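Visitor: Chains Z and P are the protein sequences, given in the same order.
Quick note: the first sequence, position 168, residue 168 per our numbering, numbers continuous.
Quick note: the second sequence, position 168, residue 168 per our numbering, numbers continuous.
What the hints contain is simulated information worked out from the structure, not anything from laboratory work.
On a predicted model such as this, the values are computed, not experimentally measured, just so you know.
Do not rely on the hints blindly, as some may be mistaken.
[Stated by the list, open to error] Simulated DEER-style distance windows between Cβ atoms: (1) P/180 <-> Z/130: 40 to 50 Å; (2) Z/19 <-> P/46: 39 to 49 Å; (3) Z/31 <-> P/113: 29 to 39 Å.
[To be verified] Restricting the straight-line Cα-Cα distance to at most 30 Å, the calculated cross-link-like pairs of lysine-lysine (DSBU-like) are: (4) P/68 <-> Z/55; (5) P/115 <-> Z/31; (6) Z/60 <-> Z/38; (7) Z/60 <-> P/70; (8) Z/60 <-> P/75; (9) P/35 <-> Z/60.
Ideal placement from N, C-alpha and C gives every residue a C-beta, glycine not left out.
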Amino acid sequence: MTMIALTASVDLNIMPSETSSPNDFDFLEGKWDIHNRKLKTRLNNCSEWTEFEAKQEMRKILAGLGNTDSFFATFDGNPFEGMTLRLFNPITRLWSIYWADSNLAILDTPVTGSFENNIGTFYTRDIFDGKEIIVMFNWDKTNPDKPVWSQAFSNDNGSTWEWNWYMYMTRPGTTEENDCANAG
Amino acid sequence: MKTILSTRKIPLLALTITASLLSSGIFSQTKALTKMKMTNATLTKTGKLKIVPSKTSSQNDFDFLEGKWKVQNRKLTTLFSNSDDWTTFESELHMRKALRGISNVENFYAELNGKPYEGMAIRLYNPQTKLWSVYWTDSNGGTMDEHPVTGSFENGVGRLYTKDSFNGKAIIVLYQWDATDPQHPKWSQALSDDNGKTWEWNWEMVLTRIA
Chain Z
1 MTMIALTASV
11 DLNIMPSETS
21 SPNDFDFLEG
31 KWDIHNRKLK
41 TRLNNCSEWT
51 EFEAKQEMRK
61 ILAGLGNTDS
71 FFATFDGNPF
81 EGMTLRLFNP
91 ITRLWSIYWA
101 DSNLAILDTP
111 VTGSFENNIG
121 TFYTRDIFDG
131 KEIIVMFNWD
141 KTNPDKPVWS
151 QAFSNDNGST
161 WEWNWYMYMT
171 RPGTTEENDC
181 ANAG
Chain P
1 MKTILSTRKI
11 PLLALTITAS
21 LLSSGIFSQT
31 KALTKMKMTN
41 ATLTKTGKLK
51 IVPSKTSSQN
61 DFDFLEGKWK
71 VQNRKLTTLF
81 SNSDDWTTFE
91 SELHMRKALR
101 GISNVENFYA
111 ELNGKPYEGM
121 AIRLYNPQTK
131 LWSVYWTDSN
141 GGTMDEHPVT
151 GSFENGVGRL
161 YTKDSFNGKA
171 IIVLYQWDAT
181 DPQHPKWSQA
191 LSDDNGKTWE
201 WNWEMVLTRI
211 A
């Protein structure tokens, strides 16, 4: 109990970038097709990946201070829906990102952070398989037409990271396949 | 530094007072202060709030709220000061279901000093505990309340509770949804600063369907 309390008291000290702004997620507004690449098991030296498609739609809320998106996919033949809530705190100039999904009926601990040079990094402490980990969300909007989200876990206080999920996003109708379909 | 984060907060001075509503008599609570026992919720000896679901609690209990509503609001001007001075204003409420039925999202739109105010509720039903949790955030904040109100519906009335603090004092927050008249559902909020014995109602919303 003391050990847990002691470890838990080591807070992540997260600072905003100098450029952090409530417009940093504007690039994500609207509909997207997503190609997902997900590690089969986590923190287990696994190198086997599963791939699946998903759809996402993001809209701004709270008079510009936040946004939500809905995420639709099929896992093992079952429809799956996820929901993200992103809130910008004008005082701390940090984003907090919350996640809930149709398997998990609670709002997950938010990851917190900001964008710098088109890369957003967001962190939180969490528990995985009973062990303390740090979760990182990474948003790469270097190419705003093809943003990439990825997630990594660290079980050694941030020294090493295992990437376990990539989402490659494209606007609907811009993939080669859809271009052919739309040509008619 | 927690001050009723889980309640709908609107700066009072900024509200538009609609005088015609004051006499419309749509609001049910005449006095703010009432004696009332908690339903499906008790305080343990250690001061924790123990909330159990009603026998009928279901993920469909908020279905009545789906769609778009015009909302007449009545809000107590000052809290915990025996005030009977109410402010009224109109707003709009949009609700849609999410997460394959175990969740819904409400957007709440009002106007303050000519500027748009927007709030948002996320409601999640936990099939294991059979309890609803309601999280609230708004365009003043930038954070989500950490203590969602939690509870369930019984005989058309939903009561959801959480512990919070107000001006440094421990309080219990109640959200009550009365869906017994599906044409005009009512939401009201009460706070108790005496461990749930007496409650001060401080906000009431009466809904009329637009779409």
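Visitor: Compare the structure with each hint and give your call.
Guide: Here is how each hint holds up against the structure:
1. P/180 <-> Z/130: 40 to 50 Å: holds, 45 Å
2. Z/19 <-> P/46: 39 to 49 Å: Taking Cβ atoms as reference, residue 19 of chain Z and residue 46 of chain P lie about 47 Å apart, which means the hint holds.
3. Z/31 <-> P/113: 29 to 39 Å: Since the Cβ atoms of residue 31 of chain Z and residue 113 of chain P sit about 34 Å apart, the hinted range of 29 to 39 Å holds.
4. P/68 <-> Z/55: holds, 26 Å
5. P/115 <-> Z/31: Given pair residue 115 of chain P, residue 31 of chain Z holds - Cα atoms ~28 Å apart, limit 30 Å.
6. Z/60 <-> Z/38: With a Cα-Cα distance of about 27 Å, the restraint between residue 60 of chain Z and residue 38 of chain Z holds, given a limit of 30 Å.
7. Z/60 <-> P/70: With Cα atoms ~22 Å apart, residue 60 of chain Z and residue 70 of chain P stay inside 30 Å; holds.
8. Z/60 <-> P/75: holds, 28 Å
9. P/35 <-> Z/60: Given that 30 Å is the threshold and the Cα spacing comes to 42 Å, the pair is violated.
Hint 9 from the list above is the single one not met by this structure.
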